[in-house]
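As given, the protein sequences belong to chains A and B, one line each in that order. The opening position of the first sequence corresponds to residue 2 in my numbering, with each subsequent residue numbered one higher. The opening position of the second sequence corresponds to residue 184 in my numbering, with each subsequent residue numbered one higher.
Accuracy of the hints is not assured; some may be wrong.
What the hints assert, rightly or not - Cβ pair distances, simulated, as ranges:
no.	chain 1	residue 1	chain 2	residue 2	range
1	A	I190	B	D239	52 to 60 Å
2	B	S258	A	P101	41 to 49 Å
3	A	D148	B	A463	43 to 51 Å
4	A	Q135	B	G237	41 to 49 Å
5	B	P386	A	R95	47 to 55 Å
Since the hints were made in silico from the structure, they are not lab data. What you are looking at is a predicted structure, and each value in this text was computed from that prediction instead of being measured. No residue lacks a Cβ here, since even glycine has one placed at the ideal position from N, Cα and C.
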Amino acid sequence: MRRPRPAIVVLIGSLVLLVGAPIAWAGFVASDSTTESVETVGERPVDSSPEPETDQLIAAAPQVAGPDVERIGAPVEPRMAIDPIAPVGVRIDRLGVEAPVDAVGVYEDGSVEIPDDVSRVGWYRFGADPAQRQGSTVIVGHRDGFDQGRGAFYSISALDVGDTIDVTLEDGSDREYEVVAREVIAKEILPTSDLFAEEGPERLTLISCIGYFDRSADGYRENVVVTAVPVNSDEALDDPETGGDGSQDQVAS
Amino acid sequence: MNDTHSRGRTAVRRGAVAAAALALPFGIAGLAAAPAYAADATVSVLHGIPEGAGADVVDVYAGDAMLIDNFTPGSLETLTVPEGTYDLAVFADGETPEDGTAVLEAAGVEVPGGANATVTANLDADGNPALNVYVNDISEVAAGESRLTVRHVAAAPAVDVRADGAVIIENLVNPDEAIVAVPAGDYSADVVLQGTDTVAIGPADLSLAEGTNTIVYAWGSAEAENLALAVQVIDGLDGAPTGVAAGGGSTAATDQLPVWTAGLMALGALGAAGAMARVARNRA
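In isolation and in its complexed conformation, chain A is listed as follows (with noise of 0.2 Å):
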């Protein structure tokens, strides 16, 4: 038997190497959780409220004792404010999540402030708190740091229809919320106005970025929006095992 030559064995091997080192990476990136498509489930709530009526009759205003006057114009009650109650805590048990929360608010280009400790998350403090009980209470987290590993809100992709976050706020009490959707959109199209609505259902709005990272540009280019109701509200289903009506998609974790 003729002994193989080492030489054509090196050559072999090497090529093996050459060619294949860069094909393993090409397959250990694409299994890599963060370039992987993550769908979209379940809707977020829709205001279905009516839109105010802008035609009105004449407003007759209140008959002051006196001559008898005829009177025009409706006085306008201002507003009662309702103080806010800031979250200071969030945890996601499903996915073993727990998180300080602070309040922030814009940086100069109008876009949310993020805490720069990627283990801490933020509340939009211009925005919707649990105590108004209507709108977008929205807590944003940064996916990872530059040079910090993992952030809080690394996972909540992996969040489904029906799981839960609880929301510790600053007078002690807690809330419970259930998630209604999980959406992937690119950063140039998010609905500002309605995630961030003051108005409109009440629920809980978590924000992070995910996808492709451009390190020449604006960093990552989507974002992903887990939105939440209150347990025991309307939207929240029935059964959350389950799955209310089947008809969203379970995705393959």
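With chain A fixed as given, assemble chain B onto it according to the hints.
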């Protein structure tokens, strides 16, 4: 920050019969036939004539119908009124259009549906009572910001407006207004004689909430030493943030070859080169 000065529209003086029509810039010519269901406008009225100037307690009329009863100096009332064109008149309390003489009046004030405006009864720069009509800016305010409107309706010379000691509005004269956008927050504000540090009004704590238009009126008479501030707040103007940029990328896969891949490829290239040379030598 941008500040803009614009003139309030000054109406007729005390006692004169109004001939000129006052119109808001987007005024309609007039309703041909008022529908049974009319669109409304929001009209605020400020009684900015200080006591002792002949209008201590007044009634405000629109045509023959009373708008405001028992109106006292420094008061501001907000009403929804049907859109239309109105003859406004101010009477001493208890007097009516039938039996009284108007203290102030302005005919033909056009109020379109959806408009938000403030009518002020105040002293002009010379100390005479006047009516002014201002359109309130209810356009969207950028996220995180607050709109501040200042209107000079006092019998006083030109002033500067300061927030936390810094001048934010310069050289404001009666009956002009200025509008600035500032970061939402609490400020200590005062009004000084233009170009000086002489405080004419204040200091006053101003809480400028995000997404609101806080409208401050400097009213009264410098001579009578009763200059004061009146404040009106319109809220619900806040715009949503521009977006959420959340992630530094440390866990993201990139399109640049990582070190280990490059290293193995280099090893493979060297090995292949060496082996091919050996194969070539073997065949030679």
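Against which earlier hints does the structure fall short, listed by number upward? none
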